[in-house]
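Chemist: Residue strings, one per chain:
Protein chains: 2
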Amino acid sequence: MSQGAHVFAGGGLDRESERRRDPAWVEARLADPTSRFLALWHLQILVRSGEASGLAWATSALRELADREADAVLLGTNGGTAHFALDLSPLADPLAALGLEGAAEFADLRAIAPRLPAQEAGIAAQARSLVDWHARHRFCAACGERTEARQGATLRFCRDCKSEHFPRTDPVAIALVTRGERCLLGRQAGWPARMFSSLAGFVEPGETLEEAVRREVMEESGVRVGRVRYHSSQPWPFPSSLMLGCLAEAESEEIRIDAGEIEEARWFERETVRRALAAPDPARDALLLPPPLAIAHHLVRAWAES
Amino acid sequence: MSQGAHVFAGGGLDRESERRRDPAWVEARLADPTSRFLALWHLQILVRSGEASGLAWATSALRELADREADAVLLGTNGGTAHFALDLSPLADPLAALGLEGAAEFADLRAIAPRLPAQEAGIAAQARSLVDWHARHRFCAACGERTEARQGATLRFCRDCKSEHFPRTDPVAIALVTRGERCLLGRQAGWPARMFSSLAGFVEPGETLEEAVRREVMEESGVRVGRVRYHSSQPWPFPSSLMLGCLAEAESEEIRIDAGEIEEARWFERETVRRALAAPDPARDALLLPPPLAIAHHLVRAWAES
Numbered sequence: 110m111s112q113g114a115h116v117f118a119g120g121g122l123d124r125e126s127e128r129r130r131d132p133a134w135v136e137a138r139l140a141d142p143t144s145r146f147l148a149l150w151h152l153q154i155l156v157r158s159g160e161a162s163g164l165a166w167a168t169s170a171l172r173e174l175a176d177r178e179a180d181a182v183l184l185g186t187n188g189g190t191a192h193f194a195l196d197l198s199p200l201a202d203p204l205a206a207l208g209l210e211g212a213a214e215f216a217d218l219r220a221i222a223p224r225l226p227a228q229e230a231g232i233a234a235q236a237r238s239l240v241d242w243h244a245r246h247r248f249c250a251a252c253g254e255r256t257e258a259r260q261g262a263t264l265r266f267c268r269d270c271k272s273e274h275f276p277r278t279d280p281v282a283i284a285l286v287t288r289g290e291r292c293l294l295g296r297q298a299g300w301p302a303r304m305f306s307s308l309a310g311f312v313e314p315g316e317t318l319e320e321a322v323r324r325e326v327m328e329e330s331g332v333r334v335g336r337v338r339y340h341s342s343q344p345w346p347f348p349s350s351l352m353l354g355c356l357a358e359a360e361s362e363e364i365r366i367d368a369g370e371i372e373e374a375r376w377f378e379r380e381t382v383r384r385a386l387a388a389p390d391p392a393r394d395a396l397l398l399p400p401p402l403a404i405a406h407h408l409v410r411a412w413a414e415s
Numbered sequence: 110m111s112q113g114a115h116v117f118a119g120g121g122l123d124r125e126s127e128r129r130r131d132p133a134w135v136e137a138r139l140a141d142p143t144s145r146f147l148a149l150w151h152l153q154i155l156v157r158s159g160e161a162s163g164l165a166w167a168t169s170a171l172r173e174l175a176d177r178e179a180d181a182v183l184l185g186t187n188g189g190t191a192h193f194a195l196d197l198s199p200l201a202d203p204l205a206a207l208g209l210e211g212a213a214e215f216a217d218l219r220a221i222a223p224r225l226p227a228q229e230a231g232i233a234a235q236a237r238s239l240v241d242w243h244a245r246h247r248f249c250a251a252c253g254e255r256t257e258a259r260q261g262a263t264l265r266f267c268r269d270c271k272s273e274h275f276p277r278t279d280p281v282a283i284a285l286v287t288r289g290e291r292c293l294l295g296r297q298a299g300w301p302a303r304m305f306s307s308l309a310g311f312v313e314p315g316e317t318l319e320e321a322v323r324r325e326v327m328e329e330s331g332v333r334v335g336r337v338r339y340h341s342s343q344p345w346p347f348p349s350s351l352m353l354g355c356l357a358e359a360e361s362e363e364i365r366i367d368a369g370e371i372e373e374a375r376w377f378e379r380e381t382v383r384r385a386l387a388a389p390d391p392a393r394d395a396l397l398l399p400p401p402l403a404i405a406h407h408l409v410r411a412w413a414e415s
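Chains A and B, in that order, are what the protein sequence lines are. This note's numbering puts the first residue of the first sequence at 110, with every later residue one more than the last. This note's numbering puts the first residue of the second sequence at 110, with every later residue one more than the last.
Quick caveat, the hints were computed from the structure, so don't treat them as lab data. As the structure is a prediction and not an experimental result, all values here were calculated from the model. C-beta atoms are modelled at their ideal positions from N, C-alpha and C, and glycine is treated no differently. Each hint should be verified, as a subset may be incorrect.
Here's a subset of chain A near chain B, in silico, CB distances under 8 Å, partners left out [to be verified]:
no., residue
1, Glu127
2, Gln153
3, Ala234
4, Glu316
5, Ala387
6, Ala388
Going by beta-carbon spacing under 7 Å, a handful of chain A positions derived as facing chain B [said to hold, decoys possible]:
no., residue
7, Ala118
8, Ser238
9, Phe248
10, Ala251
11, Gly253
12, Arg277
13, Pro344
14, Ile366
Please take these sequences and the hints and turn them into a complete structure.
Modeler: If you want it as structure tokens, here you go:
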């Protein structure tokens, strides 16, 4: 898969890392009638209703609706036009307040993303991660005082102890483990029947990506991994992961499940995987793979078609 | 460079992701006289004094010295022996309290790491990241209340709002940008004279590793990057980064500096870089490169020797 082609990649806004440090510049963008505002409500994204899905951008007038707590989050600029995200969760009926009943709706990003233009899916991913981070980080982890958003809400600042807090991005090691003509897939309890995916887990402090792959695969399946090759990466805004996709070579075959992490792990023949990719059919008694939304789909495809 | 060969990689402890959830198991390891404890003091690491450098491990008796606040951090097990890190920062004179004056000393990890055995440097990296994270995250970012360490201090829990907080690992995109026989290096104000390194910056929410490389290089140097290839990764415990090292191909040459980020960026000929790698000499009026401790060194070497 070519780099940057994953869903949620390609937002492409200029994040204005330098100019966002200037409060006057941010304030001018907030007041600019050409600036665009994306509304979120309980982490759902405002999209246009109807067939032609797309983000429902509003103008700076939207800002009047927001709570003072809900600082507008600068996403970046595109051709000079500033783009912000705004959390309307304090409103009971934001569609009515916006006068957009029937014209727009709040949608779950995971559900709507496959129907969004690629760039808009990327921008929505950025917006969702940042709005969620602000909502869950109103206080200073160092001293417990309230923090305030700064630099277009790209960080939070504690007036009390002067700590700066930056949004989290949590690296996740996700690997398709293979051995000859077979690959190792696992399933979690609660997934749709017969659905399996590649193994994954957070990279912990003090380990490399490659070490995290080996540790996670060992913990979840008991399989020993040797060589690890990086494949591609994907931002995953649920809430703020960076999926680091790898292809990994197994050095052992026996599976021992860690029931705390996954329900089942199993080796699948390449031919079985190819059939599942070619004709996903929920009615058949066959392997189900994650949809193209997920990097796991592309790791499996890269191996199955190699 | 082979995977896992970076300094700070290869700690190799079994992190016991499953058993650490059992408080009785953790308590038994804490009391076990064969368990090993690594003392830290203001983020410095206790090492043996003298020529043969190594971590100065202590037994569970060390735990008596620690403040109640300073929860022992489970690093993992090795051959069944539990390893913990313990923050002695509340003590005024920890060496005297330990009875180790002359036999051990607290050392800066960056300074001591090149002299530590590889596995010990990795364990120390893990310990430093985790101890520092606890020290700066005593309060709940969601509600402001005090949190408490759980599961061998591998997470913090808020009794008030029931939030779980996990240690941060911040992914950093670091890239050697090349164009034919030249590579792009930058220097920050305050670095030793003539020292240059590859460009780097944190991956932000909603972007891939490859997008972060392109954005950072554009922001810092004005150079446009096309193809990005992942090379290797390194845990960097200052405080808790995951360095994701890449080789990147420039599509433009003109340099425009962002003075807020770096002081200077410059193209260097491959031959100049080879000479700097072969004979680093602070007395000469020549390029200085980062030491082998840093992944930047290995990115530069991979290109120079290719």
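Chemist: Can the hint on Phe248/A be confirmed by a CB-to-CB distance to chain B that is less than 7 Å?
Modeler: This interface hint holds because 4 Å falls under the 7 Å limit.
Chemist: Against chain B, is Pro344/A within 7 Å by beta-carbon distance?
Modeler: The hint holds - Pro344/A has a Cβ within 7 Å of chain B, the shortest such distance being about 5 Å.
Chemist: Would the stated hint for Glu316/A survive a check requiring a Cβ distance to chain B of less than 8 Å?
Modeler: This hint holds: Glu316/A lies near chain B, its Cβ roughly 6 Å from the closest one there, short of 8 Å.
Chemist: Holds or violated: is the Cβ of Ile366/A closer than 7 Å to a Cβ in chain B?
Modeler: Given a least distance of 11 Å, the restraint on Ile366/A is violated.
Chemist: Minimum Cβ distance from Gln153/A to chain B below 8 Å?
Modeler: 17 Å, violated
Chemist: Close enough to count: is the Cβ of Ala387/A nearer than 8 Å to one in chain B?
Modeler: 27 Å, violated
Chemist: Does the nearest C-beta of chain B fall within a distance shorter than 7 Å of the C-beta of Ala118/A?
Modeler: 5 Å, holds
Chemist: Is the hint on Ser238/A kept, meaning its closest Cβ partner in chain B is under 7 Å away?
Modeler: With a minimum Cβ separation of about 4 Å from chain B (threshold 7 Å), the hint on Ser238/A holds.
Chemist: Does Ala388/A hold up as a contact with chain B if the rule is Cβ-Cβ below 8 Å?
Modeler: Hint on Ala388/A: violated, closest Cβ of chain B at ~30 Å, above 8 Å.
Chemist: Using Cβ atoms only, decide whether Arg277/A comes closer than 7 Å to chain B, and label the hint accordingly.
Modeler: Holds - the Cβ of Arg277/A comes within 7 Å of chain B, reaching about 6 Å at its closest.
Chemist: For the restraint on Glu127/A, tell me whether the closest CB of chain B is nearer than 8 Å.
Modeler: At 5 Å from the nearest chain B Cβ, Glu127/A passes the 8 Å test, so the hint holds.
Chemist: With a cut-off of 7 Å on the beta carbons, see whether Ala251/A makes it to chain B.
Modeler: 5 Å, holds
Checked against the numbered hints above, the structure violates hints 2, 5, 6 and 14; every other hint is satisfied.
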